[in-house]
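**Student:** Sequence:
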Amino acid sequence: MSGENTGASAHSEKICFDYTDFLAASCKKRWGFIDAIYGVMPIFGMVVKSTAELEKTPQERLTALALQVLSTQLSDETNIIRLIRLAEQQGITLLDVQLPYPLETAQLGMIKQKFPLSMGLSQKGECLSVDLGTVANIPLG
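Residues are numbered in our numbering as their position in the sequence shown, beginning at 1, plus a constant of 364.
Simulated from the structure, these hints should not be mistaken for laboratory data. You may find that some hints are simply not true.
To be verified - Distance condition first, Cα-Cα at most 25 Å in a straight line; then the derived DSS-like pairs of lysine-lysine:
1) Lys378 <-> Lys476
2) Lys378 <-> Lys488
3) Lys488 <-> Lys478
With these hints in hand, go ahead and build the complete structure from the sequences.
**Tutor:** Here it is in structure tokens:
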């Protein structure tokens, strides 16, 4: 599934994801068996797509998928890596992640090493900006 775009065509408008809101929503969410499976094996959460899901805006789709795939039981770095992969699969090329605190240099390094060097990753305060535009144009090898 690496490199596949399972969402709509590339979306160049910047999408903002509030990680703090995700953490709050996750704490309130009641987990069922299927939710637990999605949390452990995120691929299952991306397999089934209804027409209604495809009609949502890229922001809404990303938020809905993130609530299925990200977990408060995982590290922030792992969640952000998953979020970036979800954005890539949805054809999102520009993503801002609003964090509750700035990431440390080691955390940024861990995230960067999971993606091609061409991916733009920068942080200003509590905002992590990701540019996947150049990653999407790299041919699969």
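**Student:** Hints first: check each against the structure and report whether it holds.
**Tutor:** Structure-based check of all given hints:
A distance of roughly 20 Å separates the Cα atoms of Lys378 and Lys476; the hinted pair therefore holds under the 25 Å criterion. Between Lys378 and Lys488, the direct Cα distance comes to roughly 16 Å. Compliance with the 25 Å bound is thereby established for this hinted pair. Only pairs whose Cα atoms come within 25 Å are accepted, and Lys488 paired with Lys478 is accepted, the gap being roughly 21 Å.
In terms of the numbered hints stated before, the structure departs from none.
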